[in-house]
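S.K.: Take a look at the letters that make up each chain.
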Amino acid sequence: MAKRKTIRTIPRERAEVGEQDPQARIRNFDEVTLRFTPEQARHEADRCIECPRPACTPGCPVGVDVKGFIMKLSAGDLRGAYEVITETNLLPAVCGRVCPQENQCEGACVVGNQFAPVAIGRLERFVGDTAIANGWSSIPYIEPSGFRIGIVGSGPAGMACAADMAKAGCDVTVYEAFHVPGGVLRYGIPDFRLPNTVIDAEIANLEKLGVKFECNTLVGRLFTIEQMIEEMGFHAVFIGTGAGYPSFLGIPGDNLNGVLSANELLTRCNMMKAKDGGFDTPLPIGARVAVIGAGNTAMDAMRVCRRLGAEQVHCIYRRSRAEAPARVEEVHHAEQEGIDFHWLTAPVEILDDGKGGVRGMRCIRMELGEPDASGRRRPVVVKGSEYEFDCDLVVVAIGTNANPIIGQTSKIKLDKRGYIATDDDLATSLAGVYAGGDIVTGAATVIQAMGAGRKAARGMKRYLGLRDTETVYGPATAPEATLFGLDPAEHNFVRVRTA
Amino acid sequence: MPSHPDHRGFEIVAREDFSDVTYLLEVHHPQMAKAARAGQFVIVMLHEHGERIPLTIADFDRQKGTITLVIQAVGKTTREMQQVCRVGTHLLALTGPMGEPSHIGGQRHVVCVGGGLGVAPIFPQARAYKESGATVVAVVGFRSKDLVFWEDKFRACCDEVIVCTDDGSAGLKGNVTTGLRQALDADPEIDEVVAIGPPVMMKACAEVTRPRNIKTVVSLNPIMVDGTGMCGGCRVKIGTGIKFACVDGPDFDAHQVDFDDLMVRLKRFSETEKAALARWEEGCRLGTAQPAGK
Numbered sequence: 001m002a003k004r005k006t007i008r009t010i011p012r013e014r015a016e017v018g019e020q021d022p023q024a025r026i027r028n029f030d031e032v033t034l035r036f037t038p039e040q041a042r043h044e045a046d047r048c049i050e051c052p053r054p055a056c057t058p059g060c061p062v063g064v065d066v067k068g069f070i071m072k073l074s075a076g077d078l079r080g081a082y083e084v085i086t087e088t089n090l091l092p093a094v095c096g097r098v099c100p101q102e103n104q105c106e107g108a109c110v111v112g113n114q115f116a117p118v119a120i121g122r123l124e125r126f127v128g129d130t131a132i133a134n135g136w137s138s139i140p141y142i143e144p145s146g147f148r149i150g151i152v153g154s155g156p157a158g159m160a161c162a163a164d165m166a167k168a169g170c171d172v173t174v175y176e177a178f179h180v181p182g183g184v185l186r187y188g189i190p191d192f193r194l195p196n197t198v199i200d201a202e203i204a205n206l207e208k209l210g211v212k213f214e215c216n217t218l219v220g221r222l223f224t225i226e227q228m229i230e231e232m233g234f235h236a237v238f239i240g241t242g243a244g245y246p247s248f249l250g251i252p253g254d255n256l257n258g259v260l261s262a263n264e265l266l267t268r269c270n271m272m273k274a275k276d277g278g279f280d281t282p283l284p285i286g287a288r289v290a291v292i293g294a295g296n297t298a299m300d301a302m303r304v305c306r307r308l309g310a311e312q313v314h315c316i317y318r319r320s321r322a323e324a325p326a327r328v329e330e331v332h333h334a335e336q337e338g339i340d341f342h343w344l345t346a347p348v349e350i351l352d353d354g355k356g357g358v359r360g361m362r363c364i365r366m367e368l369g370e371p372d373a374s375g376r377r378r379p380v381v382v383k384g385s386e387y388e389f390d391c392d393l394v395v396v397a398i399g400t401n402a403n404p405i406i407g408q409t410s411k412i413k414l415d416k417r418g419y420i421a422t423d424d425d426l427a428t429s430l431a432g433v434y435a436g437g438d439i440v441t442g443a444a445t446v447i448q449a450m451g452a453g454r455k456a457a458r459g460m461k462r463y464l465g466l467r468d469t470e471t472v473y474g475p476a477t478a479p480e481a482t483l484f485g486l487d488p489a490e491h492n493f494v495r496v497r498t499a
Numbered sequence: 001m002p003s004h005p006d007h008r009g010f011e012i013v014a015r016e017d018f019s020d021v022t023y024l025l026e027v028h029h030p031q032m033a034k035a036a037r038a039g040q041f042v043i044v045m046l047h048e049h050g051e052r053i054p055l056t057i058a059d060f061d062r063q064k065g066t067i068t069l070v071i072q073a074v075g076k077t078t079r080e081m082q083q084v085c086r087v088g089t090h091l092l093a094l095t096g097p098m099g100e101p102s103h104i105g106g107q108r109h110v111v112c113v114g115g116g117l118g119v120a121p122i123f124p125q126a127r128a129y130k131e132s133g134a135t136v137v138a139v140v141g142f143r144s145k146d147l148v149f150w151e152d153k154f155r156a157c158c159d160e161v162i163v164c165t166d167d168g169s170a171g172l173k174g175n176v177t178t179g180l181r182q183a184l185d186a187d188p189e190i191d192e193v194v195a196i197g198p199p200v201m202m203k204a205c206a207e208v209t210r211p212r213n214i215k216t217v218v219s220l221n222p223i224m225v226d227g228t229g230m231c232g233g234c235r236v237k238i239g240t241g242i243k244f245a246c247v248d249g250p251d252f253d254a255h256q257v258d259f260d261d262l263m264v265r266l267k268r269f270s271e272t273e274k275a276a277l278a279r280w281e282e283g284c285r286l287g288t289a290q291p292a293g294k
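As given, the protein sequences belong to chains A and B, one line each in that order.
For what it's worth, this note's numbering labels the leading residue of the first sequence as 1, then goes sequentially.
For what it's worth, this note's numbering labels the leading residue of the second sequence as 1, then goes sequentially.
Hints listed in this document are in silico derivations from the structure and should not be mistaken for laboratory results.
Do not take every clue at face value.
Said to hold, decoys possible - List time: in silico DSBU-like cross-link candidates among lysine-lysine, alpha-carbon distance up to 30 Å:
#1 A:Lys411 - B:Lys237
#2 B:Lys64 - B:Lys34
#3 B:Lys237 - A:Lys416
#4 B:Lys267 - B:Lys203
#5 B:Lys237 - A:Lys355
#6 B:Lys237 - B:Lys215
#7 A:Lys273 - B:Lys215
#8 A:Lys275 - B:Lys215
With these hints in hand, go ahead and build the complete structure from the sequences.
M.R.: Laid out in structure tokens, this is it:
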């Protein structure tokens, strides 16, 4: 028996992972954080003290058995580690990259009380990338259940729900409005954080599960949610259409030609590949860019502009660095790449260059006052602290509202902010119709959308009276109820290892 | 990546050329033909390297399962489509029908005004008004006689058709506002006007009807990317607020629209568009044009 690993016997420092040098990476869209080498992965896996009752797994919105996959990894059984992860999370190469692990699994990691927590995200990515490189896929034997499921939206929520319903034997069709699937993973997150090759590989896994993707299909307009149930023979439907109705600043100059939403900039650059030669979609490129906001989308927008050749990129955020919603790692990467941060600053006016374009911005300093309803301290204007600076492009990244199409084209009940109203099982006001992700909660994270997709799938299976399979195999490695209260007894697939 | 059962895309089943710049494409898409209603549009992508461009649905045949687009060759994509799209070729992507359908029903006397390319999108609206029981006067404007198209289609479904040409070679001499004034003077009970065409034309029509206090609807054509309300590129100033033309429109109350703002926003990418067109034409001349999506 290997000797018991304790806090005193494990390596204290995290495995050193390579990063592209900031000066080099602002001229390309390749990944910033390099992949773990097998030795680095082994070193990091050895830092896990295999707690009897792990705190990390309950911290994961989809309940990945972290201890389980790390034990397989340190025993050198990479395929086994992949099997453990994909039992609850079909997109390890995606989540390993974009999850905010620092306030989920890694945030709860006991090792973190004394040293840096185990780098669970990087390990998950290492296993996911290895699986893609070797073409592994974990397709359990599936007993067809005869039920047809329609998924609206091929983003993280839709994909997670599609995976669970397919594993439960349903015939699943995912509808996507764009010409390529992936949702925010495709149009929103740039290649240097999430390469398109990773998305394609993970979607190919879904297709191996039997999931069909129908692109160029705008549900609500081409056909309605009600038609899916009443005319198209779907027994249940999941709506994961995302938030996607960007807010603008509402200040003078807001409509000038040099002002656009981060969604538009990222969609033109990432999905329409306007940054690569030979693609027709025009792309606004600024020499001096101001990005309003400090969430993950704002960070992506800034770093994209930097890579598109902007000499100066300014971040304007009315609260301070501590309150910035973006992941600390992304703020740090942006700072390394020379983004000029104007903390505690708010935009007042965007200055017109006389030809309908932008020549500069007037801002005002803020200071933090009493906490507001959300508990965050309310920024208050500092009188007389206005100042101006030159810029020719303004990217607005201050959040999005509910996408109106489903609400406009169906009788489904919405809440007062226009998001789809759901109960605890994520069931909507239409029988057999479930919803999850940003269209229910407003803009949140990829992993929370996936957690919601899985939670809705559990509700849909109970609605259909569907038990996953008759026989129950596999060790009771199921974790306790997680953040979303997933039923531990859910893991009862018959597992057949495929090439 | 299976984007459609026949993943080569959406097949073109008919083509007609009205002039050296204006051409018609009929595209096979049964679901779209079933769902389309007057006032809606689609977003088209010609091939993998293409951009996404909005085009109004000019007609639809629910039995044949096709929709009709009437396109003016202006920029690189519409020029390339003019060159490449034949019966039997495919469009990579055809998404929609987008936007809120026009609010048709309850009007008694309507004037439908189509200017230049606006003649095509006004046709389904004129027909829908007629089917809803209104008397319909169509005013359609062209630069000259040889650019006129669909006059027979309008005569088949309107009570009166007034053709205007800038050079007077057919119908009234002058632009559509002349025809509009004539229609309004002839029938004081007109209770709604719809005007579709270049922004400057729609603005002119709005100014004709504002003093007469006649409800006027226009269909706006800002630059778009996704067409599903996700990027805000197509935002327009309506009254004191902003709306997205793709999901809140494209129809709006003409007397609330800030046309000057729209005309400025349409020039957002004029340099890149000119450069793209020049590069593409250069490519054609040297016979090295980009491989269009076959």
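S.K.: Would you list, in rising numerical order, the hints stated earlier that this structure does not obey?
M.R.: Hints 7, 8 are the ones this structure does not satisfy, whereas the remaining hints hold.
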